[in-house]
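Position chains Z and D relative to chain Y; hints supplied.
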Amino acid sequence: MKEFVPAGADLELRGIRKEFPGFTAIEDLDLHIPAGEFFALLGPSGCGKTTTLRIIAGLEEPTRGQVLIGGQDVTYTKPHERPVNTVFQSYALFPHMTILENVAFGLRQRKIADPLGKARDALNLVELGYAAERRPQQLSGGQQQRVALARALVNRPSLLLLDEPLGALDLKLRRQMQIELKAIQMEVGLTFLHVTHDQEEAMDMADTVAVMNKGRIEQMGAPESLYERPKTSFVAKFLGQSNIFVGEIAEQSANSISINVAGNKISVPTARAEKTSGKIAIGVRPEKAEFHREQPAASAERNILGPGTIKDIRFTGVSNQYLIEIPNIGDIIVFAQNVGISPVIELGEKVWVSFKIEHAFGLADLPAGDED
Amino acid sequence: MKQLKLGKLVLPVYSLIALAYLLIPIVYTIFFSFNDSTGRTNTTWQGFTLDKWLHVCERPGICEAVGNSLFIGIVSTLVATVLGTAIAIALVRYRFKARSLVSLSLFLPMATPEVVMGAGLASLFFNVGAGYGYTTIILAHVMFCLSFVVVTVKARVQTLDPVLEEAGRDLYASPTAVFWKITFPLLLPGIMSAALLAFALSFDDFIITYFNAGPVNTFPLLIYIAAAKGVPAEANVIASAVFLLAILTVIGTQVGSSIRHKRLMAIK
Amino acid sequence: MAFAGFSGTAKVQGAPVKSSRIVLALLLPGMLYLAMFFMIPLVSLLITSLETPAASGAYGAYDYAVDFSSYQRVVTSYFPQIMRSFGYAFLSTVFALVIAYPLAYFIGVRLRSRPLLQKLTLTLVTAPFFISFLLRTIAWKQILSDDSPTLNFLRSLHLLAPDQYFLGTPFAVVWGLTYNFIPFMVLPLYGVLERLDLRLIEAAGDLYASPFSVFRRVTLPLTMPGIISGTLLTFIPITGDYVNASRDFLGSSSTSMIGNMVQADFLQNSDYPAASALSAVLMAVILLIVVFYVKRTGTEDLL
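Protein chains in written order, with the working numbering: chain Y, 9 to 380; chain Z, 15 to 282; chain D, 25 to 327.
Think of the hints as simulated: they come from the structure by calculation, not from any bench. A quick note: this is a predicted structure, and the numbers were derived from the prediction, not measured. Every residue gets a Cβ at the ideal spot worked out from N, C-alpha and C, and that includes glycine. Treat the hints with caution; some may be incorrect.
[To be verified] Result set (DSBU-like, lysine-lysine): computed pairs, CA atoms no more than 30 Å apart in a straight line:
| # | chain 1 | residue 1 | chain 2 | residue 2 |
| --- | --- | --- | --- | --- |
| 1 | Z | Lys276 | Y | Lys86 |
| 2 | Y | Lys222 | Y | Lys287 |
| 3 | Y | Lys287 | Y | Lys245 |
| 4 | D | Lys319 | Z | Lys22 |
| 5 | D | Lys319 | Z | Lys276 |
| 6 | D | Lys319 | Z | Lys111 |
| 7 | Z | Lys195 | Y | Lys126 |
| 8 | Y | Lys119 | Z | Lys195 |
| 9 | Y | Lys86 | Z | Lys195 |
| 10 | Y | Lys119 | Y | Lys245 |
| 11 | Y | Lys245 | Y | Lys190 |
[As the list claims (entries may be wrong)] Derived Cβ-Cβ restraints for the label pairs, each shown as a range:
| # | chain 1 | residue 1 | chain 2 | residue 2 | range |
| --- | --- | --- | --- | --- | --- |
| 12 | D | Met63 | Y | Glu141 | 26 to 32 Å |
| 13 | D | Phe239 | Z | Phe193 | 52 to 58 Å |
| 14 | Z | Leu23 | D | Leu181 | 23 to 29 Å |
| 15 | Z | Leu23 | D | Arg241 | 24 to 30 Å |
| 16 | D | Leu244 | Z | Thr149 | 33 to 39 Å |
| 17 | Z | Ser272 | Y | Glu141 | 43 to 49 Å |
| 18 | Z | Leu30 | D | Glu226 | 37 to 43 Å |
| 19 | D | Leu181 | Z | Leu262 | 35 to 41 Å |
[What the hints assert, rightly or not] Here are some, though not all, of the chain D residues that point toward chain Z, as calculated from beta-carbon distances under 7 Å:
| # | residue |
| --- | --- |
| 20 | Thr147 |
| 21 | Leu148 |
| 22 | Ala151 |
| 23 | Arg160 |
| 24 | Gln166 |
| 25 | Leu168 |
| 26 | Ser303 |
Chain Y extracted, bound-state conformation (with noise of 0.2 Å):
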């Protein structure tokens, strides 16, 4: 059995292409996550993402490209000899093994000494060392996730892929999960590659978030500034929620690019614009967005839209979300802290809405339904 590299190791795909009978899963996928990154890849139900890691994972053969690891290419190296291991969503315990078993599988399969042994340190790194005499049926499933974990990380894999391990666990596990799941490759120092679709996940745990919608990654890079600034109108409405409106560009100056909608102008900054001629979106997150019960005076830092009305207000205790109507414009998401004066405001009351200009980002194309 080959020696495997007893550190993280980076991850590269070049031009990674998918088919299916009937569809096509993937479409052309490259990717680099640096050794020891938690990486994660973010999108919703059958975007590419399982069958991205399955790939990785050697479970699946692309139908063109190649994929790298620690330099090496393994495109068509079989599962079982690549330094790759994977915390499947189901966990795939085996039901006929102990826990203990389970964990020192993998070293058995590469006959490395004393399995056991580590196989008993791994799962006391999980906290689970007192049950490694049971059957997985008889965990329950943070359990029986920790196990999967620690099933995986005995084996010290050059890169670990997490396919959606947090998806059956509730809220406050999940949490407690996801703590101990970054506290441990950052103390391991290995690479981790986390799917999922839940996006609070992503940006929680990982150092890089890439975006992916049908079979494309979309955006890459860090958490922070993928939500500040949504490149594409999927990202932007995806991660967290995006007022976006859409025009003709009718000013342009070397700092900003502006808009008509409906006589009121929006502008963005030109270093947050991704498209700069023709017909753009320009969209802000809820939160930096404002209402005011007078018309605001003009500024050159502000947009400011309105006379609406408030249409509907929804409690979520951290915040008020506000649904605000503007003719001709539509509807505007502000979402506005609870600092504990309530009610502001009442339904039907006469509001415009304002953001700051820096708050703006320009996206690359237009949203569903508005293209020319």
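Same frame as chain Y, but now just chains Z and D:
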């Protein structure tokens, strides 16, 4: 209110009666294995004795026939189980074009009356010039057991989540290791059921064997031939012994696994 | 089909893998075996059925030919047996269904809360399988023989006339056939009833349906696949049975079925063409039934 209660009793009472009806001939057969019958007939009760049980092989031909049935059963079971398990795995885990044809071909033997199969095989062996005997019987038995093995194992394979085998491959197990360390142990209960079923079918088979046995005597053949003149009590002894062994094994396994399961679930 | 009763846990969907070499290795031995020892014997039967008495005139010797006279003979002189076989099969199947359904319902639905009892009762239902089927039939023969305590008891209750008897009549044959095939009917029924979603029954009741209505419009349609499986697995083997109907068991010469004739012609009269022709006729009818069934429901659920 009273009507509701009575209504609830109808089904259990009916089921009890139906079960009793099903068990009558069995009880009768076991009962008459203790009959102190003289000669070959065993139709009227003549007194209780353990004689037939203790000296069962003294009746000429019985133990030889049982031995033949056992031998044929074991060989047929082995062959049918191996062939059938392979087919079952192929049907569930792999995609291939001839799927419908394979399913249909496996279904037909189950739907074919034994007379037709027996006559067909007999005529085949006759036309080919093969002599009837152990080989022809075993070939025939494997034939009709095959489909039942496939059905039984297939049901078990379908409950096996492929992700377990993927996990095995992910954990450095070669395809052979995956089969022997993961697939096979998990399939084993289904394979054992299938083997038991095949053995039971083979041991008890009469019609197809009758057409293809030639000089070989099996236990069912012995009973059939004796039926005209009188089935000796020793035959009842053998049948009762097999029955008790089988049913105790099955019940024992069920009770055992139930206890084990309860014990497992009690620790959390 | 019949053995759906044994698969306790739910099926798991997994993406089937395409790998032709492995598939071939797995399928080939078994399918070759089937081809050799199932298909070819059927072909052999057909060939034999078309043979003609040997030119040499020797007894039991036949020459290859395309002689349909055996078919003619068989269909005309064995017409009563053919009718009887399908008639008995129909009756036995109906009786078996009526007896088996409530039993299967009880085990599959009412006993769900007690899995061990459920398994044990099911084992009891299949217990007849564990004892030689010839002996079970002989047991009935003796329990219901002309001078048995049973019949004498019935006579004392005036349910039977003093000179009325049971053995050798169609009643006895149908009784035996029904009895022997009840387990074949119970198992597929149990298979569907065990999986019946009781919430649907509750919902129907909640929507004002009477128990009878619930049965007719919810339970019955949902359990229909099991009824059809059970019916096929019972009706078809019965048409070919000859043990129950034979003189040595529960029948007499007036209750003979197709199977008795095939056996007699093949093993006693050496009239191989006639035996083969009769078998072919039986097989043809059965194939028609199977084709009709497959056309309706497809091949995926066959096994």
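Going through the hints against the structure:
Note on Z:Lys276 and Y:Lys86: the hinted pairing is violated, with a Cα-Cα distance of about 40 Å set against a maximum of 30 Å. A distance of roughly 24 Å separates the Cα atoms of Y:Lys222 and Y:Lys287; the hinted pair therefore holds under the 30 Å criterion. For the hint linking Y:Lys287 to Y:Lys245, the alpha-carbon distance of about 19 Å falls within 30 Å, and the restraint holds. For a cut-off of 30 Å, the pair hint linking D:Lys319 to Z:Lys22 is broken: about 40 Å separates their Cα positions.
This hinted pair does not check out: D:Lys319 and Z:Lys276 have alpha carbons roughly 45 Å apart, beyond 30 Å. For the suggested pair D:Lys319 and Z:Lys111, the alpha carbons sit about 18 Å apart, so the restraint of at most 30 Å is met. For a cut-off of 30 Å, the pair hint linking Z:Lys195 to Y:Lys126 stands: about 20 Å separates their Cα positions. For the suggested pair Y:Lys119 and Z:Lys195, the alpha carbons sit about 15 Å apart, so the restraint of at most 30 Å is met.
A hinted pair counts as satisfied when its Cα atoms are at most 30 Å apart, and Y:Lys86 with Z:Lys195 qualifies at roughly 18 Å. Only pairs whose Cα atoms come within 30 Å are accepted, and Y:Lys119 paired with Y:Lys245 is rejected, the gap being roughly 49 Å. Only pairs whose Cα atoms come within 30 Å are accepted, and Y:Lys245 paired with Y:Lys190 is accepted, the gap being roughly 27 Å. Between D:Met63 and Y:Glu141, the C-beta spacing of about 53 Å breaks the proposed range 26 to 32 Å.
Between D:Phe239 and Z:Phe193 the beta carbon distance is about 47 Å. The supplied range of 52 to 58 Å is therefore violated. Distance hint for Z:Leu23 and D:Leu181: a CB-CB separation of about 26 Å, consistent with the stated range 23 to 29 Å. At about 25 Å, the CB distance of Z:Leu23 to D:Arg241 agrees with the hint of 24 to 30 Å. Between D:Leu244 and Z:Thr149 the C-beta distance comes to about 48 Å, which lies outside the given range of 33 to 39 Å.
Hint check: Z:Ser272 to Y:Glu141, Cβ distance near 21 Å, so the stated range 43 to 49 Å is violated. For the hinted restraint 37 to 43 Å between Z:Leu30 and D:Glu226, the CB-CB distance of approximately 26 Å leaves it violated. For D:Leu181 and Z:Leu262, the hinted distance range of 35 to 41 Å is satisfied, since their beta carbons lie about 38 Å from each other. Residue-level restraint check for D:Thr147 holds (minimum Cβ-Cβ distance to chain Z is 5 Å; threshold 7 Å).
At a threshold of 7 Å, the smallest CB-CB gap from D:Leu148 to chain Z is about 6 Å, leaving the interface hint in force. Nearest Cβ of chain Z to the Cβ of D:Ala151: about 6 Å, under the 7 Å cut. The hint holds. Restraint check, D:Arg160 versus chain Z: the minimum CB separation of about 4 Å is within 7 Å; hint holds. Among the interface hints, the one on D:Gln166 holds; its C-beta lies about 5 Å from the nearest C-beta in chain Z, closer than the 7 Å criterion.
Because the smallest distance between the Cβ of D:Leu168 and any Cβ of chain Z comes to about 11 Å, over 7 Å, the interface hint for this residue is violated. Taking 7 Å as the C-beta cut-off, the interface hint given for D:Ser303 holds, the closest approach to chain Z being about 5 Å.
Violation of the numbered hints given earlier is confined to hints 1, 4, 5, 10, 12, 13, 16, 17, 18 and 25; the remaining hints are satisfied by the structure.
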